[in-house]
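Required output: the full structure, derived from the provided sequences and hints.
Just so you know, the sequences run in chain order A and B.
To convert a position in the first sequence, counted from 1, into my numbering, add 107.
To convert a position in the second sequence, counted from 1, into my numbering, add 272.
It is worth saying that the hints were derived from the structure and are not from the lab.
The reader is advised that the hints may include incorrect statements.
Unchecked claim - Straight line, CA to CA, 20 Å or less: simulated EDC-like cross-link-like pairs of lysine to aspartate or glutamate:
#1 A:285 with B:334
#2 A:205 with B:357
#3 A:391 with A:356
#4 A:205 with B:356
#5 A:205 with A:119
The structure presented is a predicted model; accordingly, all values stated were derived computationally and were not measured.
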Amino acid sequence: MTVEQSAAVLADLRRARRKQRVAAIHWVDALYQVYVTGIVSVVIIVLVSGWVGDGDVSAGALADVRDHGPAVMGLLVALAIFSGLRAGSRGGPLALEKPDVRHVLLSPVDRGVALRGPAWRQLRFLTAVGAAVGAVAGQLALRRLPGNPLEWLLVGAAFGVTVVGLGFGCALLASGLKLPGWAASLVGGLLLAWAAGDIVGSLPASPTSFVGALAIWPVHVDPLGAAGPVLAGVAVLVGMRFVDGTSLEAAERRTALVGQMRFAVTLQDLRTVLVLRRQLAQEKPRSRPWIPAIRRHPHWPVLHRGVRSVARWPISRIVRVVLMAVIAGLSLRGVWHGTTPLVILAGIAMWVAALDAAEPLGQEIDHPGRTDQFPIERGVVFVRHLPITLLVSIATGLLAAAVAAAPFGDGVGWGPALVTGVALGMLAACGAVVSVVQGAPDPVDTLSMVTPEIAGTRTVYRTAFPPALAVAGTLPLIAARASVRGIQDPPPVPAAVNVTMVLTGVAVLVGGWVRFRDDIHGFMAEAAENMSPTKAAERMAEERRGEEEREADVLAESRRIAGLDDDGEDQGAGAAKRPPSRQARAKKPTAPSTPGVRGGTSAKPIGRRRDQK
Amino acid sequence: MSDAPALHVEGLTKAYDDLIALHPLDLEVPAGQSVALIGHNGSGKSTFLRMVAGLLDPSAGDVEIAGFDLTEVEARATTSYLPDDPVLYDDLSLREHADYVSRLHGGDGWDDYAESLCERLGLAERIDDLPARFSRGLRQKSAIVLALVRPFSLLLVDEPFVGLDLPGKEVLLELLDEVHGDGAATLVATHDPAYVDRVDRSLALRDGEVIFDGTASVEQVLHLVGG
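Okay, structure coming up:
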């Protein structure tokens with residue numbers, strides 16, 4: 108089949124499928140989603156923009172931006188290339204549909220034609236996202252750096268598109284050439300190390316720094332910055348040229364996992380997303396642990412189980428956690444020097460690392476059948492998992508602190524850095540634990556029946572609260588900085604310690620929530636059920652019946668005292684109308700209460716345990 | 273290329289880290305031969321078929337189909353693969369599926385043969401329905417239609433009877449016989465020992481290695497795979 112014929116058949120297919128899809132779209136729902144997305148985007152941009160209000164940077168800091176800005180932004184470029192190469196070596200970046208793999212790619216049509224269409228569509232979407240994120244970042248930079256808004260908007264968007272183009276092009280190339288995972292990691296890792304070395308000043312200028320020069324054009328125009336978009340364009344074109352070499356095995360595996368992951372994202376099921384992402388990255392625990400198991404019987408089996416889990420971390424997970432710690436540490440340096448919004452980056456990086464630290468607890472949540480068989484309450488088992496999560500997360504926090512206080516450039520003081528590292532690790536662990544334990548929202552939830560605006564707010568709260576906890580872990584550093592600036596009295600370290608004490612209280616509350624979450628949910632579910640109109644009607648009917656029974660008993664007693672016989676026509680009619688006595692009803696045989704799952708009636712939650720009603 | 277075997281495999285191997293799913297396998301299937309691939313779960317039958325279909329990357333070895341390397345378009349044009357898990361678009365009807373698959377292979381689209389296949393498999397009333405709403409058995413029958421509606425000279429079939437009712441199973445057996453009669457080579461992986469009576473050759477696998485290659489009776493098969 109010629110390329111033209113292949114293209115014609117595929118175009119016909121797309122047309123037929125689009126027709127079916129358009130017919131199936133619920134337009135009101137679609138418009139409503141656009142409306143909610145728009146509102147949320149505007150709120151986020153306004154909030155973040157308002158937050159970056161720390162004033163213009165000093166002349167020295169501006170010189171630093173000129174000198175080191177390209178290298179720092181180059182690190183971002185190197186990260187995109189590294190991620191692209193890694194994704195490509197695993198069959199990315201395309202996420203095809205499984206039927207496309209089976210029917211289209213196994214047919215004698217030109218694979219290049221079949222794959223370039225989805226690739227261009229995916230690139231179009233990613234480019235739009237990159238441009239939007241870059242433009243917003245440019246506007247945020249404008250708050251502290253000189254330049255005019257239009258320049259920052261355009262340069263930010265151009266840099267965003269360049270980063271996306273380089274990452275996507277490298278991914279296509281790695282996928283098309285079937286680059287082995289180790290080779291992708293090696294090439295990407297070397298580039299990343301070179302970019303990092305360039306920032307520190309121990310290595311000559313990395314090629315990514317030239318690309319990064321574009322990002323600071325409003326401050327300092329370096330013509331070499333124009334090379335970035337050109338390189339990105341070349342990378343995309345070369346990637347498209349080789350896309351037909353994509354492995355069907357990798358494409359099919361990726362297809363299935365990406366589909367499940369998208370579904371998990373729509374359910375806000377972060378734990379499932381994490382597990383699927385690991386499968387996508389083929390990240391498996393080591394069959395041979397880093398440290399051997401202790402031979403004697405452990406005293407604390409849950410803690411011991413957690414240690415065994417951590418001892419089997421694959422190298423990729425260790426690298427990711429260290430990388431997150433480095434990002435958090437560098438962000439803390441930025442916060443210390445006045446760029447307060449970097450607390451968000453520091454918090455999120457630590458939260459991502461803590462999600463790995465919470466893996467033993469996550470495994471327990473993933474296997475509720477097993478946990479329920481233990482002769483211990485679920486909450487108790489979960490609480491016993493917290494020490495290992497805390498330990499690993501605090502160790503990561505201390506690593507971030509070491510990066511923040513490292514003696515290069517103008518670092519944070521060791522005292523505030525270490526205190527902040529502990530607090531940040533502790534709160535990041537709390538955030539990760541909340542993320543893992545809260546799981547996906549209940550499919551049947553009374554609060555989900557409220558208006559979409561309220562339900563949406565709740566969704567945002569569920570999503571934002573865990574990373575916000577981690578971000579709160581940077582407060583000791585803010586307190587110490589305020590002390591250094593003379594805004595408050597105590598010296599930096601005591602100021603940081605004071606805030607850490609308060610944050611420890613928050614951690615204790617999170618521990619309590621983990622321990623008693625089932626009880627709290629049971630109590631709230633019962634309260635909600637008692638407030639339901641159906642339940643209220645049932646209660647009123649019961650009270651009315653009780654009242655009628657009491658009246659009937661009083662009447663019967665009066666007749667007995669009056670010496671009236673109960674026999675007779677009236678009595679018979681009365682007996683027919685009168686409800687059975689309480690004792691008679693009490694004797695009525697009822698089905699024994701059995702534990703387990705109940706469901707099926709519209710008034711009762713489906714799938715909820717009887718003992719949790 | 274007319275003298276070339278339908279399938280020629282040399283040193284075909286599949287390994288997942290330290291687990292070897294298929295040990296180096298040499299095999300030649302002449303044009304028009306029907307072969308039954310038998311073995312336990314995990315013996316390597318599906319792995320072998322998926323590698324020949326091009327869905328799995330071999331760890332080592334070469335595959336030639338009708339004299340063409342597996343990576344060539346001609347090899348894809350020659351091979352039809354009927355998987356054990358029907359893979360269908362959610363947004364195309366059965367007629368649109370068949371039309372599309374036929375055209376992808378250079379055919380004219382929906383035709384009398386496609387219609388007759390649907391009738392024989394009991395799908396005549398569901399031709400314009402979306403397979404997303406079909407039961408497991410109906411989806412399997414739809415997959416059979418799609419595997420046969422296009423031209424091929426090598427048919428790879430993986431566990432074809434899963435989910436089929438008795439009439440469906442009988443029709444499929446008839447169709448496989450017809451395909452064989454028309455000169456196509458068939459390679460059918462199955463747990464059903466009775467199927468070996470209908471084929472020219474049987475190939476038994478255990479733990480990724482060939483333990484028998486020849487003409488086998490049902491009793492021999494049961495003995496070989498421990499059934």
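Which numbered hints turn out to be false for this structure?
No numbers; nothing is violated.
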